[in-house]
Structure formats: structure tokens, C-alpha cells
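Visitor: Generate coordinates for the entire structure from the input sequences, incorporating the hints supplied.
Take a look at the letters that make up each chain.
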Amino acid sequence: MGEQYVLKVNGKEYALRTGGGQMLADVLRDELHLIGTKKGCCQGECGACTVILDGKAVNSCMIPVAKAVGADILTIEGLQTEDGLHPLQKAFIEEGAVQCGFCTPGMIMSAKALLDEEANPTSAQIQEALSGNICRCTGYVKIEKAVQKASEELRKEG
Amino acid sequence: MKNLDLIGKKIWKLDGEEGIQGQTRYGTDLSMSGMLYVKAYRARIPHGKLLRLDVSKAAALDGVSCVLTAKDIPGEKKFGFPAGADQPVLVEVGGTILMKGDALALVASPSLSVAEKALSLIEAEYEQYEAIDDYERVANDSSYFLKNECSGEYSYERGDLSKGQAEADVILEGSYEVPIQEHAYMETESGLSYYDSKGILTVESGTHDAFYVRYEVARCLGIDEIKVRSIVPLVGGTYGGKQQCSTQLHIALVTQKTGLPAKMVWSRRESMLVSHKRHPAKIHMRMGATKDGAITFLESNYVMDGGPYSTCSSGVCYWMGTHSAGPYNIPNVSINGKAVYTNNTVGAAFRGFGGPQGVFPLERHMDKMARELNMDAQQLRAKNYIREKDQPACNGVLIDTRVTVGEALEKAIEKLGPLPQPSTPHAKVGRGYAVAMPLHDVSSDPVWGMGGTGAHVEIFRDGSIEVRSGTCEFGSGLDTVQKLIISNEFGVPMERIHLITSDTYWTPKVGRCVGSKGAYASGQALLMASQELKERLATIAAVHFGTYPVIAPLVFANERIYTNQQKRDYMTLAEAADFAYRQGMNLAADSWYVNPNRLNGNAFCAMAADVEVDMLSYETKVLRCGYVHDAGTIINPLAAIGQAVGGVTQSIGYALTEKWVIEKGESKTLSFHDYTIPTSVDTPHIEVEFIEEPSTDGPYGAKGLSEHPSYVGAVAIVNAVSNALDTEFDVFPLTPDKLYTYLHG
Chain E
0 MGEQYVLKVN
10 GKEYALRTGG
20 GQMLADVLRD
30 ELHLIGTKKG
40 CCQGECGACT
50 VILDGKAVNS
60 CMIPVAKAVG
70 ADILTIEGLQ
80 TEDGLHPLQK
90 AFIEEGAVQC
100 GFCTPGMIMS
110 AKALLDEEAN
120 PTSAQIQEAL
130 SGNICRCTGY
140 VKIEKAVQKA
150 SEELRKEG
Chain C
0 MKNLDLIGKK
10 IWKLDGEEGI
20 QGQTRYGTDL
30 SMSGMLYVKA
40 YRARIPHGKL
50 LRLDVSKAAA
60 LDGVSCVLTA
70 KDIPGEKKFG
80 FPAGADQPVL
90 VEVGGTILMK
100 GDALALVASP
110 SLSVAEKALS
120 LIEAEYEQYE
130 AIDDYERVAN
140 DSSYFLKNEC
150 SGEYSYERGD
160 LSKGQAEADV
170 ILEGSYEVPI
180 QEHAYMETES
190 GLSYYDSKGI
200 LTVESGTHDA
210 FYVRYEVARC
220 LGIDEIKVRS
230 IVPLVGGTYG
240 GKQQCSTQLH
250 IALVTQKTGL
260 PAKMVWSRRE
270 SMLVSHKRHP
280 AKIHMRMGAT
290 KDGAITFLES
300 NYVMDGGPYS
310 TCSSGVCYWM
320 GTHSAGPYNI
330 PNVSINGKAV
340 YTNNTVGAAF
350 RGFGGPQGVF
360 PLERHMDKMA
370 RELNMDAQQL
380 RAKNYIREKD
390 QPACNGVLID
400 TRVTVGEALE
410 KAIEKLGPLP
420 QPSTPHAKVG
430 RGYAVAMPLH
440 DVSSDPVWGM
450 GGTGAHVEIF
460 RDGSIEVRSG
470 TCEFGSGLDT
480 VQKLIISNEF
490 GVPMERIHLI
500 TSDTYWTPKV
510 GRCVGSKGAY
520 ASGQALLMAS
530 QELKERLATI
540 AAVHFGTYPV
550 IAPLVFANER
560 IYTNQQKRDY
570 MTLAEAADFA
580 YRQGMNLAAD
590 SWYVNPNRLN
600 GNAFCAMAAD
610 VEVDMLSYET
620 KVLRCGYVHD
630 AGTIINPLAA
640 IGQAVGGVTQ
650 SIGYALTEKW
660 VIEKGESKTL
670 SFHDYTIPTS
680 VDTPHIEVEF
690 IEEPSTDGPY
700 GAKGLSEHPS
710 YVGAVAIVNA
720 VSNALDTEFD
730 VFPLTPDKLY
740 TYLHG
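First to last, the sequence lines map onto chains E and C.
Under numbering that gives the first Met the number 0, the first residue of the first sequence carries the number 0, and numbering increases by one thereafter.
Under numbering that gives the first Met the number 0, the first residue of the second sequence carries the number 0, and numbering increases by one thereafter.
Just so you know, the hints here were simulated from the structure itself, not pulled from any lab data.
Take these hints with a grain of salt, some might be off.
Covered stretches of chain E, as calculated for chain C (at least 3 residues, CB under 8 Å) [as the list claims (entries may be wrong)]: (1) 28 to 39; (2) 67 to 81.
Dumping the calculated DSSO-like pairs for lysine-lysine here, alpha-carbon to alpha-carbon at most 30 Å [to be verified]: (3) C:LYS508 / C:LYS197; (4) E:LYS148 / C:LYS8; (5) C:LYS77 / C:LYS667; (6) C:LYS77 / C:LYS197; (7) C:LYS116 / E:LYS66; (8) C:LYS388 / C:LYS48; (9) C:LYS667 / C:LYS116; (10) E:LYS66 / E:LYS148; (11) E:LYS144 / C:LYS620; (12) E:LYS155 / C:LYS8; (13) E:LYS144 / C:LYS414; (14) C:LYS620 / E:LYS148; (15) E:LYS144 / C:LYS8; (16) C:LYS70 / C:LYS56; (17) C:LYS667 / C:LYS48; (18) C:LYS146 / C:LYS281; (19) C:LYS8 / E:LYS89; (20) E:LYS144 / C:LYS410; (21) C:LYS414 / C:LYS8; (22) C:LYS146 / C:LYS663; (23) C:LYS667 / E:LYS148; (24) E:LYS148 / C:LYS414; (25) C:LYS367 / C:LYS388.
Note that CB positions come from ideal geometry on N, CA and C, so glycine has one too.
Guide: And the structure:
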């Protein structure tokens with residue numbers, strides 16, 4: 000049995016034991032069963048595993064879990080509130096920004112990190128923020144629109 | 000009568016909500032207690048004899064449940080369709096390795112890391128042979144071959160070529176090359192197998208056809224198909240690439256051997272190494288035209304690289320041929336092509352299925368011919384378009400609706416507005432376009448020949464409806480479309496319809512979900528079953544209204560059956576269903592749709608694109624695209640536009656960035672770092688419009704939709720770059736290094 004550590008995910012603390020050299024994406028999926036974080040390449044190239052770590056969007060397949068100890072980790076499962084879906088989630092559905100949906104959680108987390116920093120992003124800023132997330136189905140146009148729509152919604156909510 | 004209240008309205012994708020909450024389970028997300036992880040040991044060489052395979056150290060490793068080799072396969076040792084099972088499930092000792100990455104052994108362990116470690120303990124010895132990698136040479140040199148046959152052939156003759164040559168004022172020749180393209184779906188190949196509580200071996204995996212997987216698993220395991228259940232979870236992209244078996248046979252073998260659940264997920268590298276690709280092809284074309292632009296003949300000879308296994312090369316080779324003369328009425332035509340065996344990557348289905356390879360040389364050649372004739376390229380095309388009631392060369396599918404190809408091209412160009420000025424002094428801009436008349440497949444089934452599609456529709460006593468359909472959802476929105484059709488037919492809201500798909504236990508068989516026919520064939524099957532069930536309910540309503548035996552046309556809307564359009568007198572659907580139930584009537588209807596035509600055309604499309612090439616970096620940027628498509632009646636515009644934009648974006652990658660490198664049968668581009676897929680920053684403004692000229696036999700007049708952008712996308716962009724640089728580019732992708740080499744040698 001490895002050393003015990005605590006991981007803070009979506010506001011909850013989880014006591015875990017290290018399996019040695021595990022990556023954050025594997026711990027989220029295999030230990031915490033948070034399968035919304037996807038693994039598309041395990042090389043930090045596709046962005047399907049994107050989560051927010053202390054406010055920054057990161058590829059969780061490239062983060063050794065030891066580096067995530069003590070950090071606030073937000074995954075797609077933590078986005079929804081008691082009031083319902085997050086405006087980004089709603090906008091992705093309403094704009095038709097989801098096709099096979101495999102890239103969607105990672106895409107939404109990258110967008111969330113952007114909107115947390117920049118409430119009213121330009122088109123170029125959105126494209127740049129999402130440039131680490133590959134989507135092979137949709138062609139990005141509707142994804143960008145969804146992010147724009149969510150940013151308007153969030154600003155209205157204030 | 001038809002109620003079109005919902006058809007054509009933007010409807011959100013039904014599984015979207017689960018997906019954006021992270022709850023959707025793909026094959027990669029499935030797990031069971033006691034599950035084993037399966038890994039494959041793969042050949043390190045592209046061609047050779049397997050002399051020795053020592054798995055003893057791996058089998059002895061603590062934590063390894065089993066190691067399987069070819070001799071452990073109880074049934075058929077090869078798989079593949081439709082030409083024949085010629086790909087080894089596992090290569091046996093003494094057998095021939097034909098592709099780098101061929102599976103040699105399987106390792107299973109409850110621990111993934113133990114399974115991975117066990118792989119490193121397997122030893123293989125090979126007698127290496129020369130890789131047969133030059134597919135053009137295979138086609139032309141009888142002493143150089145891998146297998147002494149072709150994996151596909153196409154031949155078509157019409158008219159008299161010599162007459163066409165005599166009539167021509169200008170004869171133009173050209174040689175073209177279209178490259179490999181990797182599907183690069185975001186979810187790699189995956190699957191889970193297990194015995195259910197009744198002892199049925201169940202396989203859950205991403206595929207285009209649950210029934211095909213059942214067939215192959217039963218053959219490989221040497222058991223009856225009734226002992227196998229195949230389920231398709233939501234699939235994380237496929238674009239044709241997950242049609243053949245990948246993980247399924249391997250996990251099923253492990254479950255059969257151990258009795259335990261088994262899961263396999265391919266790594267990205269493994270997926271890129273082993274998965275099938277878009278066939279590369281080389282084409283030599285000759286075309287003649289009169290001075291005023293009438294094309295008098297077309298001659299094309301092509302060869303495709305199908306790699307070592309036949310898969311669907313015969314179909315792709317045929318499809319390339321059928322699209323080689325495009326939407327043009329050419330009197331004298333000769334097209335001959337073949338697909339050959341090599342030790343390169345396996346060529347198989349990819350969005351367009353050979354069509355894009357047929358359209359590329361033709362639409363490049365049309366541009367060049369226009370220049371040769373000093374004629375506008377759009378005008379040259381317009382002069383030669385087919386007309387209604389024509390039977391075009393190569394495919395002969397009767398044009399039975401209005402010909403909209405010219406209109407599509409005009410609109411696509413209009414969407415671009417004036418050609419923009421270069422953004423820097425060292426940039427050049429250009430515009431290009433292309434048209435196509437993609438066929439789509441309405442009834443074929445590559446394993447069993449003519450493919451029928453079934454549907455089961457059942458109304459419950461409370462008025463809710465259960466639908467069973469064998470089709471798979473892999474992102475195109477087919478589940479939504481199917482529910483939409485039922486909702487539209489019965490006037491029942493989507494949330495009161497339960498759709499069961501792709502489970503061989505429960506759903507009727509389908510002719511696989513390929514060839515842009517999912518909505519088309521299943522839609523027709525659903526309409527047939529709905530019609531039958533509605534007729535029964537209408538009888539009940541006629542009794543209720545006191546008109547029986549006269550059954551006047553009734554209106555199904557608002558969960559009610561109305562006597563007339565004014566919607567005054569009605570009985571609820573629940574009342575009708577409950578009454579029918581108590582009368583002992585069957586509340587379910589089953590249908591079987593088969594279309595003897597097999598192929599349907601008339602779904603014309605056009606794309607126009609503006610590009611800018613930076614002459615310092617040699618990078619090309621697509622500035623904007625106009626894509627116009629006659630897809631018949633659009634059932635769900637939101638999903639339809641998504642398919643169009645997604646297809647155009649894949650074409651941008653195909654045209655400009657997605658360079659697959661393979662040398663002597665060794666692929667070099669096995670990651671997203673090396674194989675460059677377009678991202679958000681590469682996306683231009685893409686405008687889409689649909690011309691809705693109804694088909695004569697699709698559901699509500701719908702036509703095929705999903706593959707069509709791939710036919711025209713890449714060639715429109717290459718035409719644009721050729722125009723921008725005033726240089727004829729006959730190969731692609733036009734990566735900066737290729738542009739530089741092309742221009743400067």
C-alpha cells in the first residue's frame with residue numbers, strides 16, 4: 000500500500016493511496032469514477048482530459064497526481080450547481096456544439112477557465128483558449144458560438 | 000396525413016445533456032468488478048515470417064491471468080469483410096506478418112500495469128522480408144507483388160473514346176496523387192466483454208454494426224451466434240474507421256478462456272498504427288473538350304493502396320470509380336482502377352468511401368481545362384452538368400429530381416463575397432471551388448449482400464412509445480432524428496418516447512450504419528412501422544367516433560387522434576392504446592425496409608473556399624468557406640449544419656496539414672504531435688446552406704448527408720491554393736514543406 004494523500008475535487012476531499020507514478024486523469028477516472036474526464040491520447044495533445052487546477056486549465060493526463068495534492072481541482076462533474084446546468088453546458092447543447100461528445104467535457108473545462116479570467120472574450124481569445132482541445136466532429140464553429148453565448152449569459156447573471 | 004410540425008425545426012441533440020455532465024459512458028468508460036485488462040503484443044516489422052514466439056515469461060509473471068496465442072483460438076483464425084476473412088486475429092508461429100502492428104499474442108491481468116509489464120517479457124523472432132510498399136509499382140510490375148491478385152477493381156466504358164478524341168479541340172493530361180488520411184476519432188478503439196447472467200457472451204464496443212460484431216465473435220469463438228450478444232454504447236467518433244473488428248475478438252477470446260470480464264482500450268499510438276485509413280491513390284487522367292467547352296471524352300486510370308488486408312477495398316475502389324466522372328454528362332468515358340495489396344497501412348472506409356479520391360483529380364482537371372480553354376471554370380462546369388432523367392457515366396443512377404448542382408455552386412461562391420486583399424505584402428490569396436454528386440448507400444450490407452433495415456415501434460397503454468432500432472449513434476445525431484420521426488408521426492413529445500438502439504438482444508437487424516444512410520434507411524423503416532401501428536389505432540378511433548367501418552383520415556397530434564384538421568373531436572392516444580389492448584390487438588408493429596436500388600444519387604453539393612498563402616512561411620490559411628448541399632428535406636437543421644461544418648473541417652486537415660508519413664511499411668506519424676489535425680485557431684468562417692429538393696424515396700424526402708462535404712472540401716482548397724500561387728498542385732496535403740518543394744524543387 001502506498002502513502003495516503005488527500006485530493007480535493009469538486010469541493011470534496013478524497014483520501015487516497017498512491018499507486019506510484021499515477022497521473023491525475025487515471026486517479027480521477029479509475030479511483031474516483033469521475034469518467035467525464037476523458038483520455039484521448041495520454042500525450043497532452045488532444046485536451047480531452049482537461050480539468051481546472053487552481054483556476055488553470057490543464058491536461059490531467061500529464062499531471063502526476065502528487066502535483067495535484069493540495070490544489071482545488073474542478074472536473075466536468077463539478078460544474079453543475081443545484082440550480083441546474085452551468086451556462087456553458089446549456090449553451091453547448093443549444094448551439095449544437097456536441098456531436099460524438101467525447102471532447103466536450105475537456106472543451107467545456109478549457110472554456111470555463113477562459114471565462115473565469117476573461118468575462119467578455121474576443122473570438123480570437125476563445126479560439127486560442129480552445130486550441131489545445133481537438134474536436135474531430137464539429138469543426139469548432141458551433142463550439143466557439145456556444146462559448147460566446149455562455150459568456151453573454153454569465154455576464155447577464157452578473 | 001403527414002404532420003410536419005417538428006421536421007425541419009432545430010432540435011437539440013438528445014444525448015447532449017448527459018454528455019455535457021460527463022455522465023455518458025463510452026466503451027472506454029465501461030468497467031466491471033473482477034475485470035481483466037487485455038493488451039496485445041504486436042509485430043515490430045511490416046513483413047516477414049514469425050519464427051518463434053515465447054510467451055512463457057509473460058505467462059509466469061505474477062498477476063497475469065492468461066496469455067493467448069493463435070493456437071488458443073477455437074474458431075476461425077481470420078476475420079474481415081466483405082471480400083473475405085483474411086486478417087489474422089493473431090498471427091500464428093510460422094505464419095506471415097503483413098503489417099507492422101499485426102497482433103501476435105494477448106495478455107490479460109486484473110492490473111493494467113502488470114499486463115503492460117507482461118508484454119515486455121514476450122519474445123518474438125522474425126525472418127524479415129522486404130516490405131512491398133510501392134503500390135504503383137505493384138500495379139505495373141508483375142514481378143513485384145505481395146499477393147498475386149487485386150483487392151479491388153473497377154472498369155467502366157461508355158461511348159467511343161477515339162470518337163471523343165477526334166472531336167476534341169484540346170486534350171489535357173494530368174497525374175494526381177491523393178494521400179492517406181487518419182480518422183483520428185477522439186475515442187480510441189475500446190470494448191468490454193463478459194458473460195451475462197444467462198451465460199451469453201456479451202461484447203460492448205464501438206462499431207457501425209452490432210450485428211457484424213456478433214457474427215465475427217461467434218465465428219472466432221467457434222460458437223453459435225445465439226450465444227453472443229453485441230451492444231454498441233455511444234461511440235466517440237468513427238467516420239467509417241470503426242467498421243471492422245478491433246478489440247472485440249481479443250476481449251471475447253479472453254472472456255471465453257477465463258470466464259471473466261475483459262476490457263481493452265487501444266493507446267493512441269496503437270490506434271494510429273493499426274487502425275485503417277483513407278486509401279491513398281494515384282490517378283492518370285486524360286480529358287478532351289471542344290473550343291467552346293463541351294467535354295468530349297474522359298479517360299482515367301487509377302491505382303489505390305489497400306494495404307495487406309482486403310477489408311472493403313473492393314467497395315472503396317468501386318466507389319472511387321463511380322465518382323470519377325462527377326455530375327457531368329460526358330459521352331465517351333473509360334475509367335479503370337484497381338486496389339492492390341502492400342505492407343502499408345490498411346485502406347478502408349473513411350467518410351466518402353473512395354468518393355473524395357475520385358472527385359479530386361476530376362475537379363482539379365476541370366480547373367486546368369478551363370485555363371487551357373481560356374474559359375471561366377464555373378462556366379465550363381455549367382456547360383457539362385447532367386440534366387434530369389440523365390443516367391450519368393460510371394454509376395448510372397437515374398437523376399430523378401431537379402439538378403441543383405449549378406445552383407449549389409453559385410450559392411457557395413456567393414457566400415464568399417469579393418476575394419479579400421492579402422493581409423500582408425508577402426501573402427497571396429486565391430479562390431477555388433468544386434462540385435460533386437455523391438451517391439449514397441441506401442440498402443447495401445457488405446457482409447450479407449443486400450441489406451434490409453428493421454424497426455420495432457410499440458405503443459404502451461399510457462400512450463408512451465418504445466422504439467427499437469439497430470442503428471448506432473456515433474455523433475451524427477441519429478438517435479435524435481429517429482425520435483423526431485416518431486414524435487412527428489404520433490404527435491407524442493420526445494420525452495415520452497424511449498429509443499433502444501444497437502443491442503442484438505432487443506433491436507431488429509439493420510444494414511449497417513454506413514454510406515450516409517442511417518437516417519435514410521432507419522427513417523423509412525420507422526415510417527413503415529409507424530404507419531402500420533397508426534392504421535390500427537385509427538380503426539379504434541373510427542369505432543370511438545362511430546364512423547367504423549369508414550376510417551376517415553385522422554390527425555395524430557398533441558397525444559391525441561383528431562377526426563379532422565380543425566382538431567375538435569378527439570380521443571387520446573392513451574385511450575386508443577388502452578382500448579386496443581383490451582380488445583386483444585397487437586400494440587407493436589415491425590417493419591423491414593429494403594430498397595432494390597441500393598444506391599441513391601441526386602444529393603449534389605458544392606464548396607467554395609478563399610485561402611491566403613504566406614510566402615515567407617509557406618503556411619496556408621483557409622479564410623472562409625461556402626458549402627451548399629442539396630440533401631433533400633432536412634429533418635434536423637441543427638444536426639445537419641453540424642455534419643456539414645465538421646466535414647468541411649476534416650477536409651481542411653486533409654488538404655493542408657494531415658501528412659501521414661510511411662516509409663517501407665513503417666508509419667512515422669503515430670501521435671497528434673506528428674500528425675496535425677486542425678484546431679480552433681485553424682477554423683475559418685464556414686457558411687452552410689441546404690437546398691431542399693426532396694428525394695423521391697427518402698423519409699420525408701431526405702437524402703444522404705454526412706459524407707458529402709468530404710467529396711468537395713479538399714479539392715476546393717487545393718484549387719484555391721493553385722489559383723493563389725498560379726501553380727498547379729496535383730498532390731496534397733499542402734504542408735509548408737511540400738509547398739516549398741513544389742515551388743522551388
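Visitor: So, for every hint listed, does it hold in this structure?
Guide: Structure-based check of all given hints:
1. 28 to 39: holds (count 8)
2. 67 to 81: Since three or more residues must qualify, the claim that chain C covers the region 67 to 81 of chain E holds, with 5 doing so at under 8 Å.
3. C:LYS508 / C:LYS197: holds, 22 Å
4. E:LYS148 / C:LYS8: This hinted pair holds, its Cα atoms lying about 20 Å apart.
5. C:LYS77 / C:LYS667: Measuring from Cα to Cα gives roughly 27 Å; hence the hint holds.
6. C:LYS77 / C:LYS197: holds, 28 Å
7. C:LYS116 / E:LYS66: holds, 25 Å
8. C:LYS388 / C:LYS48: Between LYS388 (chain C) and LYS48 (chain C) the Cα gap is close to 55 Å, so the pair fails against 30 Å, i.e. violated.
9. C:LYS667 / C:LYS116: holds, 24 Å
10. E:LYS66 / E:LYS148: violated, 34 Å
11. E:LYS144 / C:LYS620: The hint holds at about 21 Å.
12. E:LYS155 / C:LYS8: holds, 27 Å
13. E:LYS144 / C:LYS414: Holds, at roughly 19 Å.
14. C:LYS620 / E:LYS148: holds, 26 Å
15. E:LYS144 / C:LYS8: holds, 19 Å
16. C:LYS70 / C:LYS56: holds, 18 Å
17. C:LYS667 / C:LYS48: holds, 23 Å
18. C:LYS146 / C:LYS281: It holds: about 20 Å lies between the C-alpha atoms, which stays within 30 Å.
19. C:LYS8 / E:LYS89: Holds, at roughly 18 Å.
20. E:LYS144 / C:LYS410: holds, 24 Å
21. C:LYS414 / C:LYS8: holds, 23 Å
22. C:LYS146 / C:LYS663: holds, 17 Å
23. C:LYS667 / E:LYS148: Between LYS667 (chain C) and LYS148 (chain E) the Cα gap is close to 41 Å, so the pair fails against 30 Å, i.e. violated.
24. E:LYS148 / C:LYS414: holds, 24 Å
25. C:LYS367 / C:LYS388: Roughly 29 Å between the alpha carbons, so the hint for LYS367 (chain C) and LYS388 (chain C) holds.
Of the numbered hints stated above, those contradicted by the structure are hints 8, 10, 23, listed in ascending order.
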